[in-house]
Amino acid sequence: MNNCTDCKFYLPVDVFKGMCKLSKQDILPDDPFCGKAEKIAKCKFCSKYTAEKDFLGKCMSATLAYPDMIAAKCVDFEWISQN
Amino acid sequence: MSNTGENPADFLDCPAESINYYGNKPSPQVEDREKGRKPTPRANQARELYFSAKSSTSMEFPYWYTRRWEELDGEIPVIRRAESLKAGFEHLTPVIYPGELLTMGKASYLRSSYPMPWLSEAFFMASEDKLYKEALESGKLTADTFTTVGKGGGNVTKSVGKVISIAGKFGLRLEEMPVMLEVAKKWKDRSVDDIGHKYEQMVPGYKEKEAIMRSVICMFDSGYTLPQGREVMNYYYPLQYGIDGIIRICEEGINEVAGYPEMDRLYFYKAVIIMLRGIKSWIRNYAEEARFLASVEKEEKQKAEYLEMAGMLEHISSDPPRNFHEALQMLWTFHVGVLNEDAISGLSPGRVGQVLFPFWKRDMDRGIIDRAKSIELLECMRIKFTEIDCFASMGVVGGVLSGNTFNNLALGGLTKDGISAANELEMLILETGISCETPQPTLSVLYDEKLPEEFLLKGIECTKAGAGYPAWVSNQVAMEFLLNNYGHEGMQLEEARAWAIGGCLESSPGSWMPLNLDGEIHWIPGGSAPATSVGVHFISLPKVLETVIFDGVDMRTGERIFPSHGYKLETYDELWQGFMDYFSRAVHVLTLTNNIQHDAWRKISPSLVNSMLKPDCLEKGRDLGQMGARFNTTFNIESCGNTTLVNSLASLKKNIYDDKNFSLEDYRKAILDNFGYHTAQETGSYSLVDQKPAEHFSEYRKIHRQSLDAPKFGNDDPYVDAIFKQWEDWFCEMTHNYRSLYDQPMYACQISVSTHGPMGAVTLASPDGRLSGTTFSDGSVSAYPGTDKHGPYALFNSAACWNHSQSQNSQLNMKIHPSVVRGREGSRKFLELIRSYMRKGGFHVQFNIVDSRMLKQAQADPDKFRSLLVRVAGFTQYWVELGKQIQDEVIARTEYEEL
Chain Y
2 MNNCTDCKFY
12 LPVDVFKGMC
22 KLSKQDILPD
32 DPFCGKAEKI
42 AKCKFCSKYT
52 AEKDFLGKCM
62 SATLAYPDMI
72 AAKCVDFEWI
82 SQN
Chain L
596 MSNTGENPAD
606 FLDCPAESIN
616 YYGNKPSPQV
626 EDREKGRKPT
636 PRANQARELY
646 FSAKSSTSME
656 FPYWYTRRWE
666 ELDGEIPVIR
676 RAESLKAGFE
686 HLTPVIYPGE
696 LLTMGKASYL
706 RSSYPMPWLS
716 EAFFMASEDK
726 LYKEALESGK
736 LTADTFTTVG
746 KGGGNVTKSV
756 GKVISIAGKF
766 GLRLEEMPVM
776 LEVAKKWKDR
786 SVDDIGHKYE
796 QMVPGYKEKE
806 AIMRSVICMF
816 DSGYTLPQGR
826 EVMNYYYPLQ
836 YGIDGIIRIC
846 EEGINEVAGY
856 PEMDRLYFYK
866 AVIIMLRGIK
876 SWIRNYAEEA
886 RFLASVEKEE
896 KQKAEYLEMA
906 GMLEHISSDP
916 PRNFHEALQM
926 LWTFHVGVLN
936 EDAISGLSPG
946 RVGQVLFPFW
956 KRDMDRGIID
966 RAKSIELLEC
976 MRIKFTEIDC
986 FASMGVVGGV
996 LSGNTFNNLA
1006 LGGLTKDGIS
1016 AANELEMLIL
1026 ETGISCETPQ
1036 PTLSVLYDEK
1046 LPEEFLLKGI
1056 ECTKAGAGYP
1066 AWVSNQVAME
1076 FLLNNYGHEG
1086 MQLEEARAWA
1096 IGGCLESSPG
1106 SWMPLNLDGE
1116 IHWIPGGSAP
1126 ATSVGVHFIS
1136 LPKVLETVIF
1146 DGVDMRTGER
1156 IFPSHGYKLE
1166 TYDELWQGFM
1176 DYFSRAVHVL
1186 TLTNNIQHDA
1196 WRKISPSLVN
1206 SMLKPDCLEK
1216 GRDLGQMGAR
1226 FNTTFNIESC
1236 GNTTLVNSLA
1246 SLKKNIYDDK
1256 NFSLEDYRKA
1266 ILDNFGYHTA
1276 QETGSYSLVD
1286 QKPAEHFSEY
1296 RKIHRQSLDA
1306 PKFGNDDPYV
1316 DAIFKQWEDW
1326 FCEMTHNYRS
1336 LYDQPMYACQ
1346 ISVSTHGPMG
1356 AVTLASPDGR
1366 LSGTTFSDGS
1376 VSAYPGTDKH
1386 GPYALFNSAA
1396 CWNHSQSQNS
1406 QLNMKIHPSV
1416 VRGREGSRKF
1426 LELIRSYMRK
1436 GGFHVQFNIV
1446 DSRMLKQAQA
1456 DPDKFRSLLV
1466 RVAGFTQYWV
1476 ELGKQIQDEV
1486 IARTEYEEL
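Heads up: the sequence lines are chains Y and L, in that order.
Numbered by the working numbering, the letters in the first sequence go through residues 2 to 84 in order.
Numbered by the working numbering, the letters in the second sequence go through residues 596 to 1494 in order.
Don't read these hints as lab results, they were simulated from the structure.
Treat each hint with caution, since some may be false.
Said to hold, decoys possible - Calculated lysine to aspartate or glutamate pairs in the EDC-like style (CA-CA distance at most 16 Å, straight line):
#1 Y:K54 <-> L:E847
#2 Y:K18 <-> L:E643
#3 Y:K22 <-> L:E895
#4 L:K781 <-> L:D839
#5 Y:K25 <-> L:D1304
#6 Y:K59 <-> Y:D69
#7 Y:K9 <-> Y:D55
#8 Y:K43 <-> L:D1304
#9 Y:K22 <-> L:E909
#10 Y:K37 <-> L:E847
#11 Y:K37 <-> Y:D77
#12 Y:K45 <-> L:E655
#13 Y:K22 <-> L:E892
#14 L:K1435 <-> L:E847
#15 Y:K59 <-> L:E666
#16 Y:K9 <-> L:E883
#17 Y:K25 <-> L:E643
#18 Y:K74 <-> L:E1049
#19 Y:K37 <-> Y:D69
#20 Y:K43 <-> L:E1026
#21 L:K1424 <-> L:E847
#22 Y:K59 <-> Y:E79
#23 Y:K22 <-> L:D724
#24 L:K968 <-> L:E1026
#25 L:K757 <-> Y:D31
#26 L:K757 <-> Y:E79
#27 L:K1215 <-> L:E883
#28 Y:K22 <-> L:E883
#29 L:K1384 <-> L:D1304
#30 Y:K74 <-> Y:D31
#31 Y:K74 <-> L:E655
#32 Y:K22 <-> Y:E79
#33 L:K875 <-> L:E909
#34 L:K757 <-> Y:D69
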């Protein structure tokens, strides 16, 4: 299940909390997606990412990567097909 | 002092509330400071958000940096470094908070920082990791063990839920922990720390260095912990040329040097271009985010501000700023840009009010900006600087920095042609220092007799507000030091006037740069040297004396640190000689190992952002590590515990050698038995006045009494002041015998920052009567708490008993009750007090204007005092973010009830 840190409207304040860019309300990173949520590009949503073990994986089968890294500025990012 | 009975509190002259007073005791009611003004609603909102935010770290930048580094194996090192920095910058996720007028930060949290494993990777590994254990064994992490970190405010002191605490301060999301460890391991045997360590072991006597670190005679290695900082930024090139203009300068440089000898210039120019393209992307990513936020924003005013921000960022990503707001954003962007290339403390913005004055004045004249808008922007600047965190080990971030990063903004001083440089914008900077109290940037007035009274009184008003700034530093003393230190590199009087404070209190050279606005040249000051405080950091003077007394052995651990000195210590001269011998041994080996670490730094992790900014790197085609800067005599030797050392020497001289009251053996026994008291670690308090006696304390009553009664520095007493002068004259001179990596003589630096806490914690009782584990005297010419009993002018006479221009600095901290300086008359009296010290030749004085009882209340109930600021030693910090060692020491400082 996706949570607020997976959303492009999540504005992190610190490791404990953030705020919603739409509502300006305080939210927690692990709060579940609301109806307005939209996924932000992250390695775990990329077709070139392969999960290996908890919180670690590979990018293009070669390079160390981790699932929760924001990949919005990664030139190789490609949404996995079901997204 | 008088012995009043068996009660140890009485014995230590400890008043009921454990506070040292000079003059009459204050009225029963705890008094607040004179009420300052409130920040603008915008700044207040930002500050409230700051108060709610915890220090947070993330892996985005280090991940991309490391990934690119690995891809470029075999490339020219400086190009590899530039590509790695570029990858880091261009992948940082932008975060813009509602209401911000200035934006951009180190990473994607409000109080962001991140590990830089290319510098050092061991300290944030798990304690069971081999890397961590090796670091512990070599003494690199001993200071961490004896450091207390503030338990409140923004510190993440323990792991909670999905957040991991690192170094007792930084929070990391659990999902980023595995990648942090994996990335760190990639730097094993490749980081500056590891490479430096590999080669420093070749220095003859290296094992002695490790023993010195384990005993915490020295606090930390600067080469891989904080390789840059304690220097003044120079914003001239981006303000004058813009990023594209600098790229063009580099392209021209390439055309001139490609294929010719000294080929490193080619790579440097190319590296700067690569790095700048990363910074351009970083700025443009923020612009894109601002446009995105505008697209989803419903509130019209906020939407317009986002769009204005986007336009501003798009413009400065290529071109020079067009107005004050853009100039301020440009300044901030490059400030963060430098912070993101290294672990840095003390990156001072310098004389911002003079650098930006031409932009501001032009906008004011054209009606583009008014006073209210100026204040709002300057308050936003205060908030942004306060957000800066530095990711470092507990010993560094807690034991040295107290969570602060020492971004010092200087005001006043003289212009290039020698008249007062104070201006209207600086008046507003002082005003916003009052209205928007935050730790950063701290302020320093470069005091000169030519400064106008109105400006000085504004500075007094700000100091009285109680945030601990501005500090007051002597322009003339600093210029004399700089001319002595940099004269051989070509500095003359005119250029000496461009100086500012780097870090908390490091006199740093500057240069005048010709800013051309609309065809008119404005000479603006900016830093023109690399870090002016790298070198031997810090040496614990009382601990060195302790090893002299015990013939080279650290009696806390039983480890031999130095070989036997061979003296019987039958005369005071022998004791002093023993001290000089051991101190010199420590400096010798630490200088050599430190040079190797910094050499590793300049080869593996050369500065590019900062190098590009500093004159004359672009002109020479060399980075800072290749002496590209105009001035390069920048390595120093730092002391800690000056007054505790001198008081101890005075006590031994008086009680053993002059009056023959006791033998040295009596002192050895008393020190080992802590004068019959429990240690500070046992009592949980680090102030002398709060210590508790053990059952046999009366065995040591006489020797402790007479140690406490021995002459104490700070009372205009020639007996002890002569010892102080002897120490200073010798120390300042001996430093010149050691050569830096750049083959320049080193110099003395005398600030304690927070090191007097952990260094005191590992030091046994000292012959002045201080008890084991308690904090040393702060600063360098501050009296030991409670021992300055003859008023401020006697303290000044003692502090100025030597020539301060021999040293990069001296540091005097005082605490004054708010009632003493209340009102206009109080302001005048206060200014005269400062003036008198400056006229005596004092270099620096800073003040806590506070009722100590309020600090006691804040210690007991920190939640009620989240915003309380205090001055420590060269910096201001939130009370709740200070470790207990420093809190106890600040409470214990003598509180002046009359001047």
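Here is what the structure says about each hint:
no.: 1; hint: Y:K54 <-> L:E847; verdict: violated (50 Å)
no.: 2; hint: Y:K18 <-> L:E643; verdict: holds (14 Å)
no.: 3; hint: Y:K22 <-> L:E895; verdict: holds (15 Å)
no.: 4; hint: L:K781 <-> L:D839; verdict: violated (35 Å)
no.: 5; hint: Y:K25 <-> L:D1304; verdict: violated (62 Å)
no.: 6; hint: Y:K59 <-> Y:D69; verdict: holds (12 Å)
no.: 7; hint: Y:K9 <-> Y:D55; verdict: violated (23 Å)
no.: 8; hint: Y:K43 <-> L:D1304; verdict: violated (67 Å)
no.: 9; hint: Y:K22 <-> L:E909; verdict: violated (22 Å)
no.: 10; hint: Y:K37 <-> L:E847; verdict: violated (51 Å)
no.: 11; hint: Y:K37 <-> Y:D77; verdict: violated (27 Å)
no.: 12; hint: Y:K45 <-> L:E655; verdict: holds (15 Å)
no.: 13; hint: Y:K22 <-> L:E892; verdict: holds (8 Å)
no.: 14; hint: L:K1435 <-> L:E847; verdict: violated (51 Å)
no.: 15; hint: Y:K59 <-> L:E666; verdict: holds (15 Å)
no.: 16; hint: Y:K9 <-> L:E883; verdict: holds (13 Å)
no.: 17; hint: Y:K25 <-> L:E643; verdict: holds (15 Å)
no.: 18; hint: Y:K74 <-> L:E1049; verdict: violated (51 Å)
no.: 19; hint: Y:K37 <-> Y:D69; verdict: violated (20 Å)
no.: 20; hint: Y:K43 <-> L:E1026; verdict: violated (45 Å)
no.: 21; hint: L:K1424 <-> L:E847; verdict: violated (57 Å)
no.: 22; hint: Y:K59 <-> Y:E79; verdict: holds (14 Å)
no.: 23; hint: Y:K22 <-> L:D724; verdict: violated (40 Å)
no.: 24; hint: L:K968 <-> L:E1026; verdict: holds (13 Å)
no.: 25; hint: L:K757 <-> Y:D31; verdict: holds (9 Å)
no.: 26; hint: L:K757 <-> Y:E79; verdict: violated (28 Å)
no.: 27; hint: L:K1215 <-> L:E883; verdict: violated (36 Å)
no.: 28; hint: Y:K22 <-> L:E883; verdict: holds (15 Å)
no.: 29; hint: L:K1384 <-> L:D1304; verdict: holds (12 Å)
no.: 30; hint: Y:K74 <-> Y:D31; verdict: violated (23 Å)
no.: 31; hint: Y:K74 <-> L:E655; verdict: holds (11 Å)
no.: 32; hint: Y:K22 <-> Y:E79; verdict: violated (24 Å)
no.: 33; hint: L:K875 <-> L:E909; verdict: holds (9 Å)
no.: 34; hint: L:K757 <-> Y:D69; verdict: holds (13 Å)
The structure fails hints 1, 4, 5, 7, 8, 9, 10, 11, 14, 18, 19, 20, 21, 23, 26, 27, 30, 32 (numbered hints given earlier, in ascending order).
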